[in-house]
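Protein chains in written order, with our numbering: chain R, 1 to 178; chain P, 1001 to 1259.
Each hint should be verified, as a subset may be incorrect.
[Unchecked claim] Restricting the straight-line Cα-Cα distance to at most 20 Å, the calculated cross-link-like pairs of lysine to any residue (SDA-like) are:
no. : chain 1 : residue 1 : chain 2 : residue 2
1   : P       : K1039     : R       : H143
2   : R       : K115      : P       : A1172
3   : P       : K1203     : P       : W1188
4   : P       : K1161     : P       : R1150
5   : P       : K1127     : P       : K1203
6   : P       : K1213     : P       : Q1080
7   : R       : K115      : P       : S1240
8   : R       : K155      : P       : T1252
9   : P       : K1161     : R       : S98
10  : P       : K1213     : R       : I26
11  : R       : K155      : P       : F1253
12  : P       : K1039     : P       : G1022
13  : P       : K1213     : P       : A1147
14  : R       : K115      : P       : Q1194
Derived by calculation from the structure, the hints in this document are not laboratory data.
So the chains spell out like this:
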Amino acid sequence: MAVMRIVVTGPIGSGKSTFVRTVSEIQPVDTDRYATDETALIKPKTTVALDFGRITFGQQMSLHVYGTPGQERFDFMWDILIRYAHAYILLIPGHQPSAFRKARRILTFMEQRVKLPYLVGVTHLDLSEAWPLSYVALAAGVHPALTLEVNATRKESVVAALAALVQRCYTQQAASTV
Amino acid sequence: MNIQGRLADFSLAELLRLLGEGQQTGLLQLDDIQLGFIKGQIVGASLRVWDWHQSLVVQGWLRPETLERLRYLYCRQAIQQPFGQWLVTQGVLNDQQSRWLFTQQVVRPICRLFALPDASFSFQPQKHLPRLVLTGLQAEPLAVVLAGLRALRDWRHLLDKLPDPTSGLISASGRPRYHLNRQEWQLWEYSNGQMSLAEIAQKWGVPVLTVQKLAFRLLTVGIVAELPHAHLTPLAAPVSTPNEGFFQQLLTFLQRNLS
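The whole structure should be built from the sequences, with the hints applied where relevant.
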């Protein structure tokens, strides 16, 4: 079985669990628990270990999608999940300026830890208080060319983000073998 | 579309960095205060207590009636230069007086804004302060941030924005282009991700909060980046990487799902 593993990471409330749920062909494995800290102000449940979803295609080929916890006290999971990944997506909630510096921290961690293809998806851009995509990229210290809008509740948006990331992996691999 | 929010979520230091690095032109509104930006530089401020025209009189450089006459001429002739710059070209002010006014009436009041615990903010691109309140001088936002944070005494409103004690620092821009003080240089020398802020504080024999504040200054001016979990070394690439055929089939599958 050939498998590609993609990690979906980002601050609390960026839509990681929703992203996994939207695209998975199986009932996603989640580790959601009722939030008992300030996270409860944002959403009732939060991921404490990981989310897992799967897409099968062709014969003996599948894409595994892992979502990390958003809370920083579970950030040891970033390291556990990223060490087996082939690529990752960082989601940033465009309507939460307080999350931009957290996204910057996560990205610095990932970039130092692994040299993998990645993309940045900005979510919640449909909300009135959301910042424009270009400003979110700037605030999180991300190159605009690596940034795209993602609506984690819509399958076509999530699939488009995955396709863009897979294309990036393919292009990088082709370049490295020339 | 504009950017908007509250300083409690996104600090003034982060905001000035954003506008400076993004080379933005427009008006930053902080409650009832306006800061003008042109191509990422601070060009003026409209503060409630601010009236640098009055300073010209208070300093004894102009009589009130002369100031009134100059303002009248400036407006009537629809001069395109900023008022302060026009006064210099007219020989009314010299360069030194102009710089003094800009520092006293723009830079220092902005530095005091770092003490604001909260305020609503919004940025309106392409809007400008009236030329009558501009001196023609400009300040680099990150230099103002560094000065403002150095002068800040009460950091309570920034505590939740400080880097974590378990984090390390990594250099983000090579050698700093700002004039750092001794402590800032010392901390910058640790920006290799190998020691946490807590360990640095222990080594220096100072409270970790002192090092966190110093680190926040360096972070906000973009000299270093915060690396969660100091000590970690880069991981090796995954053992098995999907081959070309895998990527092609996956892309075909995803694109079919898109249409």
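Honestly, which of those hints from before does the structure not fit?
-> When the structure is compared with the hints, numbers 5, 6 and 10 turn out to be violated.
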